[in-house]
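All chains, please: the whole structure from these sequences, using the hints.
Residue numbers (our numbering), protein chains in the order written: chain A, 2 to 186; chain B, 10 to 184.
There may be inaccurate statements among the hints.
Lysine-lysine pairs mimicking DSS-like chemistry, simulated, CA-CA at most 27 Å apart [what the hints assert, rightly or not]:
1. K165(B) to K44(A)
2. K135(A) to K119(B)
3. K107(B) to K135(A)
4. K44(A) to K116(B)
Just a few of them, taken from the derived set where beta-carbon distance is under 7 Å, the chain A residues facing chain B [said to hold, decoys possible]:
5. V37
6. P59
7. V97
8. G130
9. I174
Distance windows between CB atoms, simulated [said to hold, decoys possible]:
10. V84(B) to R34(A): 29 to 37 Å
11. A182(A) to D147(B): 52 to 60 Å
12. H47(B) to M140(A): 32 to 40 Å
13. D50(A) to F19(B): 41 to 49 Å
14. R183(A) to I177(B): 58 to 66 Å
15. I169(B) to S147(A): 28 to 36 Å
Source of the hints: derived by calculation from the structure; they are not laboratory data. Every value quoted in this text rests on a predicted model; they were computed, and no experiment measured them. Backbone N, C-alpha and C define an ideal beta-carbon position, used for all residues, glycine too.
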Amino acid sequence: MQTVSLLTLFRTFLKIGAFTFGGGYAMIPIFEREFVQRYGYIKEEEFGDVLVMVQSLPGVIAINFAIYIGLRLRGIKGAIASAVGVALPSFIIIMVIATFFFQYIDHPVVAAIFQGVRVAVVALITTAGLKFLKQNFHMQGIFLASLTFVLVFSAGVHPFFVIVGLAFLGYVIFMTKDVIARDRA
Amino acid sequence: MPVIVLSLFFTFMFIGAVSFGGGYAMLPMFERMIVETHGWLSRSLFIDMIALSQVTPGPIAINSATFIGFQLTGVMGATAATTGVVAIPVVLVGVASKYMDDFKESKIVKGIYTGLRPAFVGLVLSSAASIVTDAIIDWWGLLLFFVLMGLLWIVKLHPILVIVISGIVGFIIYG
Chain A
2 MQTVSLLTLF
12 RTFLKIGAFT
22 FGGGYAMIPI
32 FEREFVQRYG
42 YIKEEEFGDV
52 LVMVQSLPGV
62 IAINFAIYIG
72 LRLRGIKGAI
82 ASAVGVALPS
92 FIIIMVIATF
102 FFQYIDHPVV
112 AAIFQGVRVA
122 VVALITTAGL
132 KFLKQNFHMQ
142 GIFLASLTFV
152 LVFSAGVHPF
162 FVIVGLAFLG
172 YVIFMTKDVI
182 ARDRA
Chain B
10 MPVIVLSLFF
20 TFMFIGAVSF
30 GGGYAMLPMF
40 ERMIVETHGW
50 LSRSLFIDMI
60 ALSQVTPGPI
70 AINSATFIGF
80 QLTGVMGATA
90 ATTGVVAIPV
100 VLVGVASKYM
110 DDFKESKIVK
120 GIYTGLRPAF
130 VGLVLSSAAS
140 IVTDAIIDWW
150 GLLLFFVLMG
160 LLWIVKLHPI
170 LVIVISGIVG
180 FIIYG
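Have a look at this one:
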């Protein structure tokens, strides 16, 4: 395995953090290009496994990924260099923008622009939700999705309990099916 | 250290610990804790913050944590919120990386995701539903919504372009 300097890790992740719009999912192909294809630090097959892992754990996909790559290549120091690198651009850019945002949000022109932008936010979130729905378009998926919606939105149950509850329910369903399948076999 | 900084850290730690699915699936947790429980942002500012996270690079959760923390107590708050949101996941990744093969085959992970995958659908759609009355305030807004949905769904326009267009239209309608 090649060794990689902490500075290279930091710089690579900094670049990804600074130029990738659209969050974690948009970063995945860039990670693959940089770490698998360009430098060959990680093998293609391992990359696939890592992807499953970082998406299964809670948290920010980009940070989880940076932590794994950093740890794997340079231990704890590598993890810190990578995670700080990928988060730093957002951190600085958002603070600069927030400073101006709160100065001008009450200006009538800015307020009018944002009233339009809020409509786009609803459209973007709805689109993301519908895409997820398409991937889960079967009886069980639609039932569990509707259950979540009703609990969080209509009944006002705290999302924390709904997430934990649905994870548990999913586990019970999965294990029940698993037992039935094994009985048949 | 001011109490608010600690409160930011622990609130975001709690959000980060159960934020499965990334991005939009995390929004209901953010909204409940930030807008409703603590009242750190109004609902309209919360929506504006999502828009700002979209037009700037980087993960939505990091952008949101930085924005909220900074707005409350400056750089210190931004640091507390951002480190808080990644605190627990970072430890979990460290642990899971040692047991990659077990993790891949784990029935617990597969089982949990049988429930979580459809839960993401419900979570994302409920976050859209909860902001709709603050975002779409008249018939013009509703019309704009359907036009933007068409641009996203049929024309497959890039999200950033959709935000830019909506800003221009907002200026024309409401300016």
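The hints, checked one at a time:
1. K165(B) to K44(A): 33 Å, violated
2. K135(A) to K119(B): It holds: about 20 Å lies between the C-alpha atoms, which stays within 27 Å.
3. K107(B) to K135(A): Violated - the C-alpha atoms of K135(A) and K107(B) are around 34 Å apart, more than 27 Å.
4. K44(A) to K116(B): 25 Å, holds
5. V37: Check failed: Cβ of V37(A) comes no nearer than 16 Å to chain B, outside 7 Å.
6. P59: 5 Å, holds
7. V97: 10 Å, violated
8. G130: 4 Å, holds
9. I174: 5 Å, holds
10. V84(B) to R34(A): 29 to 37 Å: With Cβ atoms ~33 Å apart, the hint holds.
11. A182(A) to D147(B): 52 to 60 Å: 54 Å, holds
12. H47(B) to M140(A): 32 to 40 Å: 39 Å, holds
13. D50(A) to F19(B): 41 to 49 Å: 32 Å, violated
14. R183(A) to I177(B): 58 to 66 Å: For I177(B) against R183(A), whose Cβ atoms are near 59 Å apart, the range 58 to 66 Å holds.
15. I169(B) to S147(A): 28 to 36 Å: 32 Å, holds
In this structure, the earlier hints numbered 1, 3, 5, 7 and 13 are contradicted, and the remaining ones agree with it.
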